[in-house]
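Just need the whole structure built from these sequences, with the hints factored in.
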Amino acid sequence: MSSHVYPPASLVEDNAGAWLKTLAKYRQPRLGRSAFELVVTLVPFAIFWAVACISLANSFWPGLVAILPASAFLLRLFMIQHDCGHGSFFARRGLDDWTGRLLGVLTLTPYDYWRRAHAAHHASAGNLDERGVGDITTLTIAEYRARSPMKRLAYRLYRHPLVMFGIGPAWLFLFKQRLPFGMMKSGALPWISTMATNAAIVMLVALMVWTVGWGAFLLIHLPVVLLAGAAGVWLFYVQHQFEETHWSAGQDWRFPQAALHGASHYDLPPVLRWLTGNIGIHHVHHLSSRIPYYRLPEVLRDHPQLAGIGRITLWDSLKCVRLVLWDDRRRRLVSFRDAAGSLRRSLT
Numbered sequence: 006m007s008s009h010v011y012p013p014a015s016l017v018e019d020n021a022g023a024w025l026k027t028l029a030k031y032r033q034p035r036l037g038r039s040a041f042e043l044v045v046t047l048v049p050f051a052i053f054w055a056v057a058c059i060s061l062a063n064s065f066w067p068g069l070v071a072i073l074p075a076s077a078f079l080l081r082l083f084m085i086q087h088d089c090g091h092g093s094f095f096a097r098r099g100l101d102d103w104t105g106r107l108l109g110v111l112t113l114t115p116y117d118y119w120r121r122a123h124a125a126h127h128a129s130a131g132n133l134d135e136r137g138v139g140d141i142t143t144l145t146i147a148e149y150r151a152r153s154p155m156k157r158l159a160y161r162l163y164r165h166p167l168v169m170f171g172i173g174p175a176w177l178f179l180f181k182q183r184l185p186f187g188m189m190k191s192g193a194l195p196w197i198s199t200m201a202t203n204a205a206i207v208m209l210v211a212l213m214v215w216t217v218g219w220g221a222f223l224l225i226h227l228p229v230v231l232l233a234g235a236a237g238v239w240l241f242y243v244q245h246q247f248e249e250t251h252w253s254a255g256q257d258w259r260f261p262q263a264a265l266h267g268a269s270h271y272d273l274p275p276v277l278r279w280l281t282g283n284i285g286i287h288h289v290h291h292l293s294s295r296i297p298y299y300r301l302p303e304v305l306r307d308h309p310q311l312a313g314i315g316r317i318t319l320w321d322s323l324k325c326v327r328l329v330l331w332d333d334r335r336r337r338l339v340s341f342r343d344a345a346g347s348l349r350r351s352l353t
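Each residue of the sequence shown is one higher than the one before, counting from 6 in our numbering.
No lab work stands behind these hints: they were computed from the structure. Even glycine gets a Cβ: it sits at the ideal position worked out from N, Cα and C. Treat the hints loosely; a few may be bogus.
Stated by the list, open to error - Now the in silico label distances, taken between C-beta atoms and shown as ranges:
#  : residue 1 : residue 2 : range
1  : L323      : V214      : 37 to 43 Å
2  : R342      : V48       : 43 to 49 Å
3  : L167      : T216      : 31 to 37 Å
4  : V45       : L25       : 44 to 50 Å
5  : P154      : V44       : 24 to 30 Å
6  : N203      : T318      : 37 to 43 Å
7  : L162      : A62       : 37 to 43 Å
8  : L100      : L25       : 23 to 29 Å
9  : L100      : H126      : 19 to 25 Å
10 : K324      : I52       : 34 to 40 Å
11 : V214      : F65       : 18 to 24 Å
If you want it as structure tokens, here you go:
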């Protein structure tokens, strides 16, 4: 974890809108660098996947540890797909789209369907009036108290770590993304994207099974996908579910402030930062989503005052799991226990 001392957040708190213009110069990708990033992610993924399969075929069980780096590189491939969705990887719409669609077959994520949902997330992040598309469901304390006991229990189960980071990723990547949920009536594109991705996945699975057999496929590729999916959900979670995140409603919601203060700077160790495509610099990404992920560190280098905004370390992030309800009065996320204590204090 970093030990840097960052300038105080107050230096930029009232200047969120001005940063949009400042960050514009970082939006241009470098074609050669983008191609390099794709190669140095795709090739190691294939190598580690092959090492795991060869190890299984030869009963060399220690070799199955290759599943872990394979899942890490699959996660990084998703980050490239993510940049393609923003049009920031090659900055050529056709090239970005087809790269994203092909990667979506590996990540089990229908590109055009996901891109539309993710755009809605960026347009409404931190807006209490527009929750529900591409977000982790978050209730206010008042909304939670107004629910029936069964619905409260359902919300508690949904927010439980075993569900959120265990069952949830499996449900999302293996089942939910096989149909365009939330966009059933949004035209043909979400359906075409989802069904075409499903068909390509079936063909890829058939090729894998024909090549290595059902056993190897289930023991290698399924864990790789689930581990990468769990890591992806975890990253998305801590990027918005931290104590001092930003939520507002009505005319109080403004995009620059919500982007800068409603997303965290997840300050990871260098290796994890590289494997996750710098997605931890999430507040800058939300403020200017057209910046290629490999240029985000340039922003913090040139403007170190941004590094302290919403900063959480790896250790801090572990404590974010208990934060489940938005406290309108204190304007922060709190735990169920904190919310119950707040209710007791208000009654005495």
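Now for the hints, and whether the structure bears them out:
About 38 Å separates the C-beta atoms of L323 and V214, a value consistent with the hinted range of 37 to 43 Å. Separated by about 47 Å at the C-beta atoms, R342 and V48 satisfy the suggested range of 43 to 49 Å. The supplied range of 31 to 37 Å is met by L167 and T216, whose beta-carbon atoms lie about 34 Å from each other. Take V45 and L25: their Cβ atoms lie about 31 Å apart, and the range 44 to 50 Å is violated.
A beta carbon spacing of about 54 Å between P154 and V44 contradicts the range 24 to 30 Å that was offered as a hint. At about 39 Å, the beta-carbon gap between N203 and T318 stays in the expected band of 37 to 43 Å. Judged by the Cβ atoms, the range 37 to 43 Å given for L162 and A62 holds: they are separated by roughly 40 Å. Distance hint check: the CB atoms of L100 and L25 are about 26 Å apart, consistent with the given range 23 to 29 Å.
A C-beta distance of roughly 24 Å is found between L100 and H126, which places it inside the suggested range of 19 to 25 Å. Distance hint for K324 and I52: a CB-CB separation of about 36 Å, consistent with the stated range 34 to 40 Å. Taking 18 to 24 Å as the suggested C-beta distance range, the pair V214 and F65 conforms, at roughly 21 Å.
The structure shown violates the earlier hints numbered 4 and 5.
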